[in-house]
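Participant: The lines below spell out each chain.
There are 2 protein chains.
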Amino acid sequence: MDVFEQDCQFMRMAIEEAKKAETIGEVPIGAVIVKDGNVIAKGYNLRETSQNAVTHAELSAIQDACKALGSWRLEETTLYVTLEPCPMCAGAILQSRIPRVVYGARDPKGGCVDSLYRLLNDPRFNHECEVAEGVLSDECGQMLSTFFRNLRLKKKQERQ
Amino acid sequence: MDVFEQDCQFMRMAIEEAKKAETIGEVPIGAVIVKDGNVIAKGYNLRETSQNAVTHAELSAIQDACKALGSWRLEETTLYVTLEPCPMCAGAILQSRIPRVVYGARDPKGGCVDSLYRLLNDPRFNHECEVAEGVLSDECGQMLSTFFRNLRLKKKQERQ
Chain A
691 MDVFEQDCQF MRMAIEEAKK AETIGEVPIG AVIVKDGNVI AKGYNLRETS
741 QNAVTHAELS AIQDACKALG SWRLEETTLY VTLEPCPMCA GAILQSRIPR
791 VVYGARDPKG GCVDSLYRLL NDPRFNHECE VAEGVLSDEC GQMLSTFFRN
841 LRLKKKQERQ
Chain B
691 MDVFEQDCQF MRMAIEEAKK AETIGEVPIG AVIVKDGNVI AKGYNLRETS
741 QNAVTHAELS AIQDACKALG SWRLEETTLY VTLEPCPMCA GAILQSRIPR
791 VVYGARDPKG GCVDSLYRLL NDPRFNHECE VAEGVLSDEC GQMLSTFFRN
841 LRLKKKQERQ
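Those sequence lines, one after another, are chains A and B. Read in the numbering used here, the first sequence has 697 at position 7, and its numbers run on one by one without any break. Read in the numbering used here, the second sequence has 716 at position 26, and its numbers run on one by one without any break.
Warning: the hint list may mix true and false statements.
Given that identical chains are not distinguished, each listed pair holds provided it fits within a single copy or across any two copies.
[To be verified] Dumping the calculated DSS-like pairs for lysine-lysine here, alpha-carbon to alpha-carbon at most 27 Å:
#1 Lys845 to Lys732
#2 Lys845 to Lys725
#3 Lys725 to Lys799
#4 Lys732 to Lys846
#5 Lys725 to Lys844
#6 Lys732 to Lys844
#7 Lys846 to Lys757
#8 Lys846 to Lys725
#9 Lys844 to Lys799
#10 Lys710 to Lys757
#11 Lys757 to Lys709
Because the hints were derived from the structure by calculation, they are not lab data.
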C-alpha cells in the first residue's frame with residue numbers, strides 16, 4: 691500500500707469520527723492519530739455537547755494520544771483530520787511536536803495551516819510539520835456543507 | 691479602584707498560580723479568568739507533570755471557566771496570564787470568545803498576541819479581543835528568567 695492509499699484509509703477513519711459528531715448534532719469534524727500503522731487516538735468535535743470551547747476533534751485526539759504514549763511528545767505520529775485545523779488546533783499540533791499532518795477540506799474562514807496562516811511551517815517556532823492536504827477533501831467538505839444546509843433548513847422551518 | 695489597579699490585583703493572582711507550577715518544577719506560567727470582579731477559574735502550566743501537551747495555564751483555566759459557567763462562550767470575562775499566549779492558547783481564547791486578555795511578559799520566541807503574530811486582532815476570525823500587555827511584566831518575566839537560569843545551573847552541575 692502506498693502513502694496516498696494509506697492516507698485515504700486513515701482519513702476514512704477520521705470521517706467515521708466526524709459522523710459520530712454529526713449523529714449528536716455537532717459540526718462533523720473528526721480526527722485520528724496514527725503511529726507505526728496503528729491508530730492510537732481518535733476524536734470528534736464535541737463543543738455543544740460538552741459546552742467546553744476546546745473540545746475540537748484534534749485537541750481531544752492529541753490528549754488521548756499523549757495518554758496512550760505517556761508523553762507530551764507525539765513523535766513519529768501522523769494526525770489525520772477532516773478539516774484544516776483552526777489556530778488552537780494548529781498550535782496544539784506544534785506543542786505536541788506531531789511531525790506530519792494530513793487534512794481533508796480547506797477552511798477558508800479559519801484554517802491556519804494554508805488558508806489564513808501557515809502556522810505549521812513557520813521556522814520561528816520550535817517545531818515544523820510536514821503537511822498533506824486534500825485527502826478525500828470532497829467527501830470531508832461535502833459532509834460539512836450538507837450539515838450546514840440542513841441546519842439552515844431546520845432554522846427556516848422553525849421560523850415559519 | 692481603577693482598571694490598572696484591578697489588572698495588577700488579578701495579575702498577582704496569576705503570578706501565584708505560576709508559583710505553584712514552579713514549586714513542582716514546571717515552567718512558571720499562571721492564569722486566572724475573572725467575571726464581574728470574581729475569579730471563576732485558575733490554571734498553571736502542568737506539561738511535564740501531566741505529560742499532556744495541551745496543559746498550558748490558559749487552556750486549563752479556559753476549560754475550568756467553561757465548566758463554571760456551563761457554556762463554551764466565556765462572555766464578559768477577562769483572562770489574565772503571566773506570559774504572552776502561544777498559538778494554541780491564543781486560538782483557545784478566540785474559540786471561547788473571551789473579550790479581554792491581559793498578559794504580563796512578552797514571549798518574543800513564541801508569542802502570538804503581539805510578538806510573532808497578532809492572532810487576537812485579526813478581523814478575518816469570528817472573534818477579536820481587547821488586549822492589555824505589560825501588567826507586572828518585570829515580575830512575570832523575572833520569574834521565568836530565574837527559573838531557566840536555575841535550570842541551566844542545575845544541568846551544568848549534573849554534567850560536572
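Participant: So, for every hint listed, does it hold in this structure?
Facilitator: Consistency of the hints with the structure:
no.	hint	verdict
1	Lys845 to Lys732	neither (31 Å within a copy, 37 Å between copies)
2	Lys845 to Lys725	neither (42 Å within a copy, 32 Å between copies)
3	Lys725 to Lys799	neither (30 Å within a copy, 29 Å between copies)
4	Lys732 to Lys846	neither (34 Å within a copy, 41 Å between copies)
5	Lys725 to Lys844	neither (40 Å within a copy, 34 Å between copies)
6	Lys732 to Lys844	neither (30 Å within a copy, 39 Å between copies)
7	Lys846 to Lys757	neither (43 Å within a copy, 31 Å between copies)
8	Lys846 to Lys725	neither (45 Å within a copy, 35 Å between copies)
9	Lys844 to Lys799	within (23 Å within a copy, 47 Å between copies)
10	Lys710 to Lys757	both (22 Å within a copy, 23 Å between copies)
11	Lys757 to Lys709	both (24 Å within a copy, 26 Å between copies)
Checked against the numbered hints given earlier, this structure breaks hints 1, 2, 3, 4, 5, 6, 7, 8; the rest are met.
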